[in-house]
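Protein chains: 4
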Amino acid sequence: MQIGFIGLGNMGGPMAHNMIQAGHDLLVFDLSSDAVKVATDAGATAAGSVAEVAGSAVEIIITMLPAAMHVKQVYQGENGILAGVAPQVLLIDASTIDPLSAREVAAAAQEQGNAMLDAPVSGGTGGAAAGTLTFMVGGEAADLERARGVLDVMGKQAIHCGPSGNGQVAKVANNLLLGITMIGVSEAMSLGVTLGMDPKVLAEVINTSSGRCWSSDTYNPFPGVMDNAPAARGYSGGFGTDLMIKDLGLATEAAKQVGQPLLLGALSQQIYQGFSAKGQGQLDFSAIIKNYRQEE
Amino acid sequence: MQIGFIGLGNMGGPMAHNMIQAGHDLLVFDLSSDAVKVATDAGATAAGSVAEVAGSAVEIIITMLPAAMHVKQVYQGENGILAGVAPQVLLIDASTIDPLSAREVAAAAQEQGNAMLDAPVSGGTGGAAAGTLTFMVGGEAADLERARGVLDVMGKQAIHCGPSGNGQVAKVANNLLLGITMIGVSEAMSLGVTLGMDPKVLAEVINTSSGRCWSSDTYNPFPGVMDNAPAARGYSGGFGTDLMIKDLGLATEAAKQVGQPLLLGALSQQIYQGFSAKGQGQLDFSAIIKNYRQEE
Amino acid sequence: MQIGFIGLGNMGGPMAHNMIQAGHDLLVFDLSSDAVKVATDAGATAAGSVAEVAGSAVEIIITMLPAAMHVKQVYQGENGILAGVAPQVLLIDASTIDPLSAREVAAAAQEQGNAMLDAPVSGGTGGAAAGTLTFMVGGEAADLERARGVLDVMGKQAIHCGPSGNGQVAKVANNLLLGITMIGVSEAMSLGVTLGMDPKVLAEVINTSSGRCWSSDTYNPFPGVMDNAPAARGYSGGFGTDLMIKDLGLATEAAKQVGQPLLLGALSQQIYQGFSAKGQGQLDFSAIIKNYRQEE
Amino acid sequence: MQIGFIGLGNMGGPMAHNMIQAGHDLLVFDLSSDAVKVATDAGATAAGSVAEVAGSAVEIIITMLPAAMHVKQVYQGENGILAGVAPQVLLIDASTIDPLSAREVAAAAQEQGNAMLDAPVSGGTGGAAAGTLTFMVGGEAADLERARGVLDVMGKQAIHCGPSGNGQVAKVANNLLLGITMIGVSEAMSLGVTLGMDPKVLAEVINTSSGRCWSSDTYNPFPGVMDNAPAARGYSGGFGTDLMIKDLGLATEAAKQVGQPLLLGALSQQIYQGFSAKGQGQLDFSAIIKNYRQEE
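Residue numbers (this note's numbering), protein chains in the order written: chain A, 1117 to 1412; chain B, 1117 to 1412; chain C, 1117 to 1412; chain D, 1117 to 1412.
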């Protein structure tokens, strides 16, 4: 299939590699020539502009951009995708942005005859390389079926979350909960260990009890509990604290717009923010346990 | 085996029933004659006082009391267990109390030659009836082995958490995390649904993603998501909000004593407390989602 | 002096009245004809557009708009103020918006030779009518002196807070603290009264002790303590909860941009948001004490 | 007047000095011989035990002890005050403890014919030396009048807060609010300065606006704003963070007992607790602003 890919970032390189390996033709554009080089080294063709990608004979265009303002500009700006794209090209935005913006852009696309999916991704650079990403997809089910051939070579699942914007809703809700549970595990593990428990034993108890969660059984923040979690490598790699702050910011902003309180969510955002303010924003978000551990 | 059982409460009846069914002889004492009757109807013998139980030819005494002050009184008070019990009788306190008090009482028991285990229980009245309770056990491993014959007829597992008091530490740490994740799930589910997602779909996404936790995949608080959770029956039964407040109080009190901050834990305690103050303390703690749902 | 006034809202009417009483000529524009009528009834002249105000022979233009996006549009949009205003006209934005947006607009104004002040106002509609508003002013001191003749007829003080944007900074910092202290007073008064104190006596003790604050000694939220606070009239009038949510939103948003944590501030925002979600957003923000009072 | 004084601590020395200077005879007891020496150097007589003080011909006994358990022991223990004191001796407990314990002890005193006042004190060691303490007094008004001759030489005011225990209620409510406002000022000042304001100017604006509070206008935590606040001397002296944690602990504990939520209060307690856990518990509580200031 002919695929356009705009906005590569750190994850775009491995994603492009996987698509090319699966036999797709890739036309890529990114402001960073380094990011483009990773993709062209893997066999992609470089385009000179968003407009060139939009105007070429692609069947699908995938975008992955840092924030809503970039998404709006790339789609709706002068010389943006919508200005040049042929009808029937399927548009997939894999950025993580707020649901309302995603719905606005999708509505604009639909107005001129292009189906659009929001498909934020989870799994990080590791998942991108391994092809085990999860896509949370908002839009028409039929459009998701058209996209599966591409999404399936990059990820292990693409979940249909409902109409436009719902992929973003699912991601923001999931990551809100993730941000909270990680601090919860940090508090519970730190307290238990300070009170005299062995961290591995405590994690085992929790993982077979009602406190069980992904943050405790798959990504435990306490050093020494798991060999393959960021805690085992000084909290490098993984999902950066500053990215968690961004996602919690999307959650609290969306909550404000719909008049919904988020007591633990908003407090969690501030706790990560205070941690980042101390220069730790690049560490994996599970490093938040350092806030609670006196020796560190 | 000859077993003494002091402090039956709601769970003691079914626990006694299961022990008697397994062939044990039970001598019970409780201030409530109703609670005693449930046990004697199941085949237990009633004792007239704590001292009578302590002075009889039992091999194990199990206690299950509301708070640390009762435990101290029953064990260390005039006419308490320690005043009359024969050496070598194994003492098991299944109450949920603070770890420091548990260690104090265990040390007093040990001084006069009685081994003691702290073995707080989770699983609720349902688990007590079904014999699927979990015991989190602090004390000597050898003493736990002596107790297994009895614990195993009441529960599905008895986890050794380390020396005296560690059963309480494990329980307090687990329930701290549970109290936090339940509010986290309430915030995430409420936000996602308000933003347009179907609650069942959202729960499915979360349960296969990094937000996954027992509060979402086993005990989801959103009405309509699970058939067998308290949310499906108006939040009746289950684990009462006031019990969660008690456990979070044990966590924040223990944290204060060891100088450990619990930001989300303390805030969660207050959120449940505010909910209880509005007359909802008897509802299952997952009813806290009502705080976040505008229609309710 | 010839003055243009764009964006009247609820407070613009009395402000216009005071300026006209002081002998100024007023040319006003607002999208709401009702708001315009209040001003023209007081002696102002109505303009048909922003451009008409900008193009007329005024010495000062005052704007007072709901949010940053309106300010940007009115100043920087096509047919906006900057497109048509003569150099040397002093621009005063009395809106409450985020400091960064205020600085952007001021920089744009300066580029084409217009001095601009940000001058958010506190004191509410009551202060507008009485002419006792406070203006917190960012910009050049000399420009503030040029504006004093006008600001002084509307308010009792105009404080110079530093360069462009600092008026907004001062307002956002003050209202952040106000939002927190009001909840603090609500918690302290509710707890003290529940524990057996007379509310008036408790307020007196606090007001002569280290808990003293404007929220306790001038605007006490407990009913019966003060005759002239919103608590004495069912929390009507005053400073609406939804406006406090807006201001706390500006604070947490600005804090996120500069990587500063706001633990109590963010939690306070959510507490007001939860209160508003229950349909109370129109009540004065001191009504937040209802969250803590069981009888209400 | 003949006065017994039990439990001197840091403040008892200067308080004893002031009483002796005013012509009173003082019989003192403390477990620390250093503390006793300060008082005897000032002219007091040392007693060998609580019982000796209780049994001597005093008209008033003042106690000032670290926590409720000490108060109960000193009054109600074997050889405690109530076991030996003559009827009509007025008992004044100047300790800061929870209201319920204060009421219990006062009721026990009253049962055997001794009037008792709870009179927790604020003002710190500085106020003790200068004789400018504030006493918040619970008990009968007539008993307070009997005590005024003594209290007035130690403090600048003794406020009648209502019946027994209400002195403690007033103190706990005031200090709850104080603990919150200090963090509120820390957040507001830090945010404002990070956004570009001069700290002195920001404090001036706040102090004449609705954010005004004792923590900003009398005890501002931002270095450089006030010459005589702890911030000007590295946060030494003043009211220690660990004492604030104790008082907030009394507030949250009392709130739990009466089923009252304290969202900001409980979170504030944890914020101070986290600060103390990093080894800063001896600093004045206004040092909490260090949590928010990146350069520190």
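Think of the hints as simulated: they come from the structure by calculation, not from any bench.
Just so it is clear, the structure is predicted and the values come from calculations on it, not from any experiment.
Certain hints may be false.
Identical copies carry no separate label here, and so any pair may be met within one copy or between two of them.
Cut-off 35 Å, straight-line C-alpha distance, at most; resulting in silico cross-link-like pairs (DSBU-like, lysine-lysine) [claimed, not checked]:
1. Lys1316 <-> Lys1188
2. Lys1362 <-> Lys1188
3. Lys1153 <-> Lys1316
4. Lys1153 <-> Lys1406
Quick rundown of the hints versus the structure:
1. Lys1316 <-> Lys1188: between (47 Å within a copy, 31 Å between copies)
2. Lys1362 <-> Lys1188: both (18 Å within a copy, 25 Å between copies)
3. Lys1153 <-> Lys1316: So lysine 1153 and lysine 1316 fail the 35 Å test inside a copy (44 Å) and across (43 Å) alike.
4. Lys1153 <-> Lys1406: neither (37 Å within a copy, 45 Å between copies)
Checked against the numbered hints above, the structure breaks hints 3 and 4 and satisfies the rest.
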